[in-house]
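Student: Use the sequences and the hints to build the structure in full.
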Amino acid sequence: MLPLCRATALAAAGLLLFAGCNNNPQQKPLHEKRPDGSPWTVYYWTIPDEIRSLDPQFMYEEVSNRILEPIQDTLLEYELMETKPYRVGPCLLEKVPQPVQNSDGTVTYHCALKPGVLYHDDPCFPGGEGREVVASDVEYAFQRLSDPVVQSPFFSNLSDYVIGMQEAYDAAKKAGGKLNYDTMKVSGIEVLDAHHFDLKLSKPYPQIIYWMALHCTTPVAREGVEFYDGLPHADGPKGRIKVRDKFAFHPVGNGAFQLVEWVRGQRFRLVRNERYHTKVFPTGGWPPEREAVCRPLAGHALPLADEVQITVFREFLPQWLLMRQGYLDNFDAYKDSVNSIVTSIKALSPKWAARGMKLSTSTWVSTFYMSFNMQDPLVGGNRKLRQAISCSYDPRGFIDLLYGGAAPVAEQLLSPGIPGYDPNFKNPYGFNLEKARRLIAEAGYPDGRDPNTGRPLEITLDGVATGAEERQLMEYMQRQIEQCGVKVNVIENTFARSDEKQDQGNFQLLTGTGWGADYPDPENYFFLFYSKNFPPAGKNVSRYKNAEFDALFEKMATMENTPERMKIIKRMNDILVEDAPIVLEFNKANFMVSQPWAPRIHSNMLLDGRAIKYQPVDPVMRARLQPSWNRQPMWPIYSAVAALAAILGYGIVLNRKRNV
Amino acid sequence: MFSYLIRRLLYTPLIIFGVMLLTFVLFSVLQKPETMARTVLGKRATPKTVQDWLHTRGYDKPTFLATGPKKPGQAGEGMFDTIFFNEMRKLATFNLGVSDVTGRELKEVFQQGAIPSLLLTLPAYVAGFLMAVGFALFLVFVRKSALDTAGVFACVGLMSVPPMVYIIFGQAVIALSFNYFPAFGYEMRSWSSIRFLLLPVALMIVINLGSEVRLYRAVFLEEIGQDYVRTAQAKGVSSVRLLLVHVLKNGMIALITYVVAQLPLLILGSLLVENFFGIPGLGNLLTSAIQTNDFAVIRATTFLTAILYIIGLTITDILYAVADPRIRLS
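Top line first, the protein sequences correspond to chains Z and G. According to this note's numbering, the first sequence holds residues 839 to 1498 in order. According to this note's numbering, the second sequence holds residues 91 to 420 in order.
There are no misleading hints in this set.
According to the in silico footprint, chain Z covers these stretches of chain G (three or more CB under 8 Å from chain Z): (1) 113-125; (2) 138-144; (3) 190-196; (4) 254-264; (5) 271-284; (6) 368-377.
Please keep in mind that the hints were generated in silico from the structure rather than gathered at the bench. Here a beta-carbon is modelled for each residue, glycine too, at the ideal position from N, C-alpha and C.
Tutor: This is the structure:
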């Protein structure tokens, strides 16, 4: 009987262990109640990978943005509710500065910082108390952009316009590669007083206001950069030597939240900046379907949540599990996950809708397409052939495979939300098989066959394919294009090889190309087809060259969004569509599922991390619903213990019978 | 044995050199430093920014050997001033360098990652071993019966299921439907934090259980056919005592080789389980490095793995010779 007693004891121990188990993976909030007695609100969010840097002048990727944006405000910020088209509004600046044309061709922007904006409290400041954000911090930021040590990816763009950046960079290079911040100033930034500065450009560049909404131009406290040097200092308890963080991993921000905990590779904890008053909740412009949620919040002080816990998830499955248990507040459905959450009519599955979850669909400011090599003698020199291939390709199947049918088919280069985007425009060379067959005949290849050889015309399709899914997508493209009669030879490349081919122009048709806009201006799309932007220095992968297009681009690039500019944009779009250097595919879409206690209140895809401060959370509703989604049944444990005991007992009986 | 050990030690640098050469060849085919730089610097990076990034890290030098006349603008002085030899020089002194993507000191990163990995793998290793031995002894206890056959069949079943299926089952059923454990996460603050490790440890045990039980069962079955077992039975030793004392003790010698070889590798954690459960160990670190093209991390991990593997195999050989006097290492 001894083994049975042991099994019972083990089972009892197991039961005790289970009884003590709590399946909530989130950290305990910092507080339960606010000082006024109301519940402390926590928002639970995710990022898909570890971040690379939080240095505003260096960092330029989406994942790090999610963490930096709530911590660090920018000079300007996209208006939360304005997405058709997107528009920038004030943030650290009091208003959006207007350009003043100077007689020498230069342009000046008079900028005024909001007074009383404070940095977060940090040991880098005297007494640990954050000081006010001043104009010299903006000057310092531009110096950092020009410092070769920082290796800012923004430098080459901004130095073309901001006076004195290139000179500061050259001086630093001459002085051994490091910028002297006391002597090597950027002459294009003139500090007038604590809150006013002038930004001087060598030529008109209206897009500069969008750069002011990016982190690269945000003011930075010099104390923070110099304090967090990554070197050992006597900072430890009782003067012990301790290695300080590098500035890239210890931001000294001024945003709505302060980073208070960061467990590398795992999670972040942000807490409300009590002294934040740079922005308030929008007082109008709410979309009709969200008005009920937004109206009571109008003019409310930000941030709405007291604490934000952000977890690093590299896999989709655990995210969705935690969402179902109510331990995450929203979930970006993507690829395979879409089909399990969304019905064929693009609505949330009834099971989740019954829980009060909501689905919102937004379109990223991006356009994806296949690129023809315009320098290739075959496809580059035959417009009708390109048009025919464009007509034979139906992106819908690709979108179904990749985005569960959520993404809209791209009819034009500009994506929705960009000034000049025409929602009524239909690509004349969109999917139309009849037209494709007619055009291929007009191109000199009836039924897709080369009249000289009688065999199907062969075209190569290059792409990055390192997995089964990518191969499946490329095979889909191959089948689609072959509908016009040509033979498509697929070449699967690694990322490195594909990059190399782009740089060398060594392809006929290349898939996986496209653009996610840096800022919502048509210039940021049309520059992709400007002839002075050939790779490797530029992004004109097609190597498209059209004198009229170039002239129009040069003209529109420096214009404000006037009716005349809109006319030019329309003409450029027509030229591009007619020349067909690309096969348009889709605008990337985003499905977001939100918990009933944390409704999504906007569809602004340019804000991302900055939108957290506007996020409402109802902790009372969460506390009510969460336990009902997490009941622990006991029958599986009893069944498992009974099964084990039965097997053990049977084994003993067997052994006794045989007496072995 | 001493001469064997010396020879083994002399082989070690050559093996590691070979492993690293292979890693470099594979990586240089799949991922050029320029691509890595573009990934890190983002889409706005110009060729000049990329060049600066490469230069700072010494990645603008030739990959293996600088042969032929030096081209204008080519970095590196001398035939061996190449990425491969420079990095090998650093690794030889255990200077792991910094991450290419985050710029963090890898020594610190590895030290931090080793603890969660060990917290996951060590309990799974110990408990898994005990459970496998227990199940194997039970199958021997009921040998040649339907229960034994069913047990072997179940083991083959366990071995046939891919690890991913166990992970998905564990998360979707045990963590989600039954709500017994957190489906994701890790912390080590108090005893209650152990709840984060229970499910991943249990899954790691189950993933390896089938193959281990089958192996141990075969070893114990061989032992139970020996003369000393028959003698013990004849002397009236009970079947439980026979198994737990005589068979287990003698069978353990054969198990040492299998078990000890895994010991040094425990520190590296588990790629899949750590990634799916968000445990910030070295397995998770390597997965992330592969996804983000962090060659510095991949290089250092491969180097450490090779060393640990050689240590594991050497210890096994020695223990084998110690445990079984018939084995002579020469």
